[in-house]
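Trainee: In case you want the letters, here they are:
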Amino acid sequence: MNHSLGDVVTQLSYLLAAALFIFSLRWLNRPNTARRGVIAGVAGMSAAILGTLLHPEIVASGYLWIAGAALVGIAVGIPLSRVPLTAVPQRTAISHAFGGLAAGLVGTAKYMLWLHDGSLTAFRVGVIAIEVILGYLTFTGSLMAAGKLQEVIPTRPITYPGQNYINLGLLGIALVAGIGLMLDPTRSFLFPVIVGLSLLFGVLLIIPIGGADMPTVISLLNSYAGLSAVAMGFVLENKLLITAGALDGASGFILSVIMCRAMNRSFTNVLFGAFGQVQVAAAVGEAKPVKSASAQDAADYLGNASRVVIVPGYGMAVAQAQHRVKEIYEELTKRGVDVKFAIHPVAGRMPGHMNVLLAEAEIPYGALVEMDEINPEMPQTDVTLVVGANDVVNPAARSDKGSPIYGMPIIDADKSRMVLANKRSMNPGFAGIDNALYTADNTLMVFGDAKAVLGDIANALRHESKAAA
Amino acid sequence: MAELDLFSMLFVLMLSTFVGFQVIQNVSRLLHTPLMSLTNAISAIAVVGSIIITGEQKDTLSIALGAVAVFASVTNIVSGFLITDRMLKMFKEREPKR
Chain A
1 MNHSLGDVVT QLSYLLAAAL FIFSLRWLNR PNTARRGVIA GVAGMSAAIL GTLLHPEIVA
61 SGYLWIAGAA LVGIAVGIPL SRVPLTAVPQ RTAISHAFGG LAAGLVGTAK YMLWLHDGSL
121 TAFRVGVIAI EVILGYLTFT GSLMAAGKLQ EVIPTRPITY PGQNYINLGL LGIALVAGIG
181 LMLDPTRSFL FPVIVGLSLL FGVLLIIPIG GADMPTVISL LNSYAGLSAV AMGFVLENKL
241 LITAGALDGA SGFILSVIMC RAMNRSFTNV LFGAFGQVQV AAAVGEAKPV KSASAQDAAD
301 YLGNASRVVI VPGYGMAVAQ AQHRVKEIYE ELTKRGVDVK FAIHPVAGRM PGHMNVLLAE
361 AEIPYGALVE MDEINPEMPQ TDVTLVVGAN DVVNPAARSD KGSPIYGMPI IDADKSRMVL
421 ANKRSMNPGF AGIDNALYTA DNTLMVFGDA KAVLGDIANA LRHESKAAA
Chain B
1001 MAELDLFSML FVLMLSTFVG FQVIQNVSRL LHTPLMSLTN AISAIAVVGS IIITGEQKDT
1061 LSIALGAVAV FASVTNIVSG FLITDRMLKM FKEREPKR
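Residue numbers (this note's numbering), protein chains in the order written: chain A, 1 to 469; chain B, 1001 to 1098.
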């Protein structure tokens, strides 16, 4: 155990970085300390990178390569951080893909280097195989998820007979190839087999998953990206990588569990269930009459209420209507109406997405209430305004055993005295399931583009308060 | 020696997983999107491995793979931290005064 001075400095920088990363996540617990968390994260990252650059094995020409690659990374990273907030899920999926790619490439490079100098051991091959499998499947899987979120790839599940067996079979072959390579590390022909199968498995894993399951999938891929960093830590014997990867992996895992619970589904059901393909059969039923109201009527009902709950969904953000929602919120609050936003855990396309979209519209986070807290208040609510949300307010989840979303916890919009639901038309939503809320006796539909309709409601409220003054 | 290191690595993994579960369970649901982008940036610490592989300059293939890995990790670091901060700035407790 001979430590050079440079080595000691590097190791100390890693120790410091690990501590700062933990503080970073700790400060993220609450909105008022959260930005400090980013500073801690940046400080930890800078310390670790500087410590690494001191590494004695880095040669002069190496710095040029590193600097060049880093500059390109900065050039791509800055625009990626400025995407519209509706596109944050895609950006997140792409960054999972890059995380997986980095792990896969480092694993590949290490295998080649160790193969050439004959220092491959069974342990090294084993952890490299895990790193490479996780890394490459996260890479292609996340690219597929990003494609579905961006809707360049069909969001409907693509299924074929025997799909799950084929997928698991491919993963099994990759694992067996990994074991074969561990037994004899010089069977280098097996390595491309592992790489190819992992890349293919990532694609096939995501193809059958429908758009509505993206919040879970993106969390799961987050976890895989973290685990591939852990595996890289075992390959490089780097404890900082293991720590940071484990934090990321744990975070992704917790978020996946929350998402699964919010949809009353299990991991296996999300991964192998091909959600969203049964609605064609379910759509057939007797057509109940729909009652509709104008924006002016809606404004009157809202203005005369004392408690209003707004249930926003991703459709609100697609229509860019969040600023109109904010205007309605302001007008009603001015009149002393109690307005709250009911946030379902899977509203939006990734965990917490809706909160970010509403925060962007400058709605204070004190008005954003989680599903479990708002539901007991729903029977005392005068008017519930549903904007671009669909499945998360569908009462079929409570009552209709045949519905694909049966058992999913929902916001009890139907229990409020009156429901105003905005929709462009009666087409089913992202998940493609009919909604009984729209034909309920206490529901009035306000048809039209969300941005236009909500703008009209806001204007009507504004005129009224001016007339009253 | 190798086995000893394996076990100390497993210890680190076990402990940091517990720390991760503890710390992340307390993150407000309001902030789950920034949480994901922050942990994303943090796990791009993989950059240290990519830096060494690229910097050692052992052979052309490892340099090329390492450089792409540096690029991918730096992209995640830069975009991850920047977008997390951008989102967190938007969270206001009360109505902004104007």
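Worth flagging that the hints you see were computed from the coordinates, not collected in a lab. Note that CB positions come from ideal geometry on N, CA and C, so glycine has one too. Treat the hints with care, since some could be wrong.
Heads up, simulated PhoX-like pairs for lysine-lysine below, C-alpha to C-alpha not over 20 Å straight-line [claimed, not checked]:
no. : chain 1 : residue 1 : chain 2 : residue 2
1   : A       : K326      : B       : K1092
2   : A       : K326      : B       : K1089
3   : A       : K334      : B       : K1092
4   : A       : K415      : A       : K326
If you want the footprint, here are the derived chain B segments under chain A, 3+ residues with CB under 8 Å [to be verified]:
no. : stretch
5   : 1025 to 1033
6   : 1054 to 1067
Trainee: Taking a Cβ-to-Cβ distance below 8 Å as contact, does the stretch 1054 to 1067 of chain B have at least three residues touching chain A?
Mentor: Since three or more residues must qualify, the claim that chain A covers the stretch 1054 to 1067 of chain B holds, with 12 doing so at under 8 Å.
Trainee: Go check the stretch 1025 to 1033 of chain B versus chain A for me, would you? Three or more residues, Cβ under 8 Å, otherwise it fails.
Mentor: Holds, because 9 residues of the stretch 1025 to 1033 of chain B bring their Cβ atoms closer than 8 Å to Cβ atoms of chain A.
Trainee: Holds or violated: A:K334 with B:K1092, Cα cutoff 20 Å?
Mentor: 18 Å, holds
Trainee: Decide if the proposed pair is consistent with the structure: A:K326 and B:K1089, CA atoms, cutoff 20 Å inclusive.
Mentor: 18 Å, holds
Trainee: Is it true that the CA of A:K415 sits at most 20 Å from the CA of A:K326?
Mentor: Distance ~24 Å between A:K415 and A:K326 Cα, so the pair is violated.
Trainee: Is A:K326 within 20 Å of B:K1092, Cα to Cα?
Mentor: 14 Å, holds
Hint compliance for this structure: hint 4 alone is broken.
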